[in-house]
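> Chains W and G are the protein sequences, given in the same order.
Residue 220 in the numbering used here sits at position 220 of the first sequence; the count goes up by one each step and never skips.
Residue 1041 in the numbering used here sits at position 41 of the second sequence; the count goes up by one each step and never skips.
Any given hint could be a false lead.
Unchecked claim - DSS-like, lysine-lysine: derived pairs with alpha carbons at most 30 Å apart:
{"id": "1", "chain 1": "W", "residue 1": "Lys91", "chain 2": "W", "residue 2": "Lys46"}
{"id": "2", "chain 1": "W", "residue 1": "Lys187", "chain 2": "G", "residue 2": "Lys1169"}
{"id": "3", "chain 1": "G", "residue 1": "Lys1169", "chain 2": "W", "residue 2": "Lys175"}
{"id": "4", "chain 1": "G", "residue 1": "Lys1043", "chain 2": "G", "residue 2": "Lys1169"}
{"id": "5", "chain 1": "W", "residue 1": "Lys24", "chain 2": "W", "residue 2": "Lys175"}
{"id": "6", "chain 1": "G", "residue 1": "Lys1266", "chain 2": "G", "residue 2": "Lys1031"}
Claimed, not checked - Far from chain G, some chain W residues (derived; all Cβ distances over 10 Å):
{"id": "7", "residue": "Leu83"}
{"id": "8", "residue": "Ala242"}
{"id": "9", "residue": "Gly260"}
To be clear, the hints were calculated from the coordinates, so they are not data collected in a lab.
Because the structure is a prediction, the values reported are computed rather than measured.
Backbone N, C-alpha and C define an ideal beta-carbon position, used for all residues, glycine too.
What follows is each chain in one-letter form.
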Amino acid sequence: MTEKLLHEHTEQTQAKVVVVTSGKGGVGKTTTSAAFASALAVRGYKTVVIDFDVGLRNLDLIMGCERRVVYDLLNVIHGEGSLNQALIKDKRVGNLYILPASQTRDNDALSIEGVGEVIAALRKNFEYIICDSPAGIEKGAMTAMYFADEALVVTNPEISSVRDSDRIIGMLASKTRRAEQNLPPVKEHLIITRYDPLRVTKGDMLSAGDVNEILAIPFLGVVPESKSVLAASNSGIPVTLADEGDAHEAYFDIVDRFLGEDKPFRFMDVPRKGIFSRLFGGR
Amino acid sequence: MSLLYVSLSPSRHEYMNSINTTFDTPVLELKGSIMTVIVLHLKATDAGRLYPQLEQKIGKAQAFFRNAPVLIDLSDLGEAEQLALDFTELASTLRGMGVVPVGVRGSARSQNERILHAGLGLLPAVKAERSVAATESQPSTIQDTTQEAEEAKLVANAPQQTSSAIPTKVITQPVRSGQQVFAPEGDLVILSSVNAGAELLAAGNIHVYGALRGRAMAGINGDATARIFSLQCNPELVAIAGEYLVNESLAPSCINQCVLVSLGSKGLQFDVTGSFTPAP
Chain W
1 MTEKLLHEHT
11 EQTQAKVVVV
21 TSGKGGVGKT
31 TTSAAFASAL
41 AVRGYKTVVI
51 DFDVGLRNLD
61 LIMGCERRVV
71 YDLLNVIHGE
81 GSLNQALIKD
91 KRVGNLYILP
101 ASQTRDNDAL
111 SIEGVGEVIA
121 ALRKNFEYII
131 CDSPAGIEKG
141 AMTAMYFADE
151 ALVVTNPEIS
161 SVRDSDRIIG
171 MLASKTRRAE
181 QNLPPVKEHL
191 IITRYDPLRV
201 TKGDMLSAGD
211 VNEILAIPFL
221 GVVPESKSVL
231 AASNSGIPVT
241 LADEGDAHEA
251 YFDIVDRFLG
261 EDKPFRFMDV
271 PRKGIFSRLF
281 GGR
Chain G
1001 MSLLYVSLSP
1011 SRHEYMNSIN
1021 TTFDTPVLEL
1031 KGSIMTVIVL
1041 HLKATDAGRL
1051 YPQLEQKIGK
1061 AQAFFRNAPV
1071 LIDLSDLGEA
1081 EQLALDFTEL
1091 ASTLRGMGVV
1101 PVGVRGSARS
1111 QNERILHAGL
1121 GLLPAVKAER
1131 SVAATESQPS
1141 TIQDTTQEAE
1151 EAKLVANAPQ
1161 QTSSAIPTKV
1171 ITQPVRSGQQ
1181 VFAPEGDLVI
1191 LSSVNAGAEL
1201 LAAGNIHVYG
1211 ALRGRAMAGI
1221 NGDATARIFS
1231 LQCNPELVAI
1241 AGEYLVNESL
1251 APSCINQCVL
1261 VSLGSKGLQF
1271 DVTGSFTPAP
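Start from the sequences and build out the full structure, keeping to the hints where you can.
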C-alpha cells in the first residue's frame, strides 16, 4: 500500500527543495526540520533531510541516528564517499533519509556548485528535500537556502526573532537561485514555535497576529511551547514520531496545511481549565 | 566647478499672487518659500579656463539647463580672485547659454557693488550644508555620492529629456529588515509595510501605504518641501532635507497613526490625519 502510494506521488509531483530557516539561533529550526520531514514521510512522501550546519551538527542527534554516521555532506561534495553511502535510512519510517553534516569542518567548506550537484542527484530520488539551515546570514545559511523552492520561516514570538526572520525573508527574495535566474519566487511559509497563549494574553509575548502583520507571509500555524519537545529531542525521536502531544499534533497540522489541506488553527488560545484544575490549581 | 542641489533657507524672491474679486482685499501676498536651485561653485576666476569649461559643462546639456535659475557661489574664492572676475561678463555668458543667473552668494563685501551693478542679487553665504548626522548609516556620505551619481545621470539624460515628469518608484512588496530602497530622482511609493531595519531614501516624497517601522529619508538632495506619509507611523527615524528625528523623540500621540510629516519653520512637523490598522 505504502509502496503504491509512494509511486503515485513520484509520478505526480516534482521534487521540492524546502529550506527551514530563521536567521536567529535557538528558535527550533532543527526540531522543525526533523518533525516536518518525519511527518511528510509518515504521510507517504519520500523525504530526505539535509543538515547544513557544518561544524555544529545536531540533526543526527534529534533524528536519533548519530551512531550510524559514516560519511557526511562534505564527504559527498568532495567525492570522498558516494551519496548512497552518506544517506542514512530512518529505522522508524520507511521513506525517510538523513544526510548529516560534517562536525570537523566549517561552513566555508560548502560550495554552491557542490551542494547543487548533491541536490540535483537527490531530486531524482526524493519528493521532498528538507534543508536544515544554520543560524545567521553567513555562507552556511546562504548555501542552505540557495536551491530552495519553498521555505519554512521559523520564528519565536519575540521581536528579535521576528526581525531576523524579516531579514531572512528579504534574502529569500534576492539571494536564491530562483531570484538570480528570474524564476517564480521562493514560496515562503511562517511557523511560530514556542508559542504560549497564556503569556500572549499577559503581554509577555507577541501574538501570532502581530507576527503575521509584520512578516506578511502565508501562515502555517503555531507550535505550542511544550515539555514533550525537549524530551523527544533528548531521546533522539522527532516530535512527530513521538507519542501524542500538543506539539506532535501541531506539527502534523502544519504539514497537512503545507500539503494543501484546510485545517482550522489550533493552540492559539489559552486552553479553558476544567472544574478540577480550577479548584486545585496547577496546569 | 561643480553642481550642487541645495535648499535655500526661506528666500525672498518668490511672489505669490492671489487674485481676489472683492475690491478692498489685497491683491498680492509676499511669502518666503524654500526651493531648490542649481548652484555654480567657482573654484577659479581665470577667464581662459573658466569660460571654456563652463561651455563644456552646460553646453552639452542645454536642454536640461534651459531657463534654469542659477546661483553663483564664490565661497571658495579669495577677495583678490573675486576682484579679477568680471560679473557682467559672467552673467551675460551664462544668459547666452540659456541659463538665468539670479544672484551671488559668498561674495566679499568689497565686491557687492560690482555684483549689484551686473544685475545680480546678493545672498548670504551658507553656514553649513545640512546633513543628517544619524548614527550608523551616515546619510551625509550617502547624500554626497548620490549627488554625484545624479549629476552624471542628469547630464547624460538631459539632451533626450522631453517631458518634465520625474518617474516615481513604486514598490509593492514589504520592505524588510536590511533592505534599502532608493529613489534618486523622484518620489517613492511603498504599497506595503516597511519593517524595522529597512531604509527608504528618496529625492522627493515618500508614501507608505502600510506601517512604517524602518527609516525614511525624503528630500535627500535638499528638497525641503518633500513630505513623508504613512498609514501607520512608527518609524525608527524620519528625515526631510537633512532634518531628522528618531523614534524616541516622536510625540506619543502620532505613534501608529496616519501621519503626514513635513518640514516647517520649527523643524519636522507631524500632522495626524486619522488612524488605520493595516490588514495582516
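> Which numbered conditions among the earlier hints are violated in the structure presented, ordered from lowest to highest?
Violated hint: only 4; rest satisfied.
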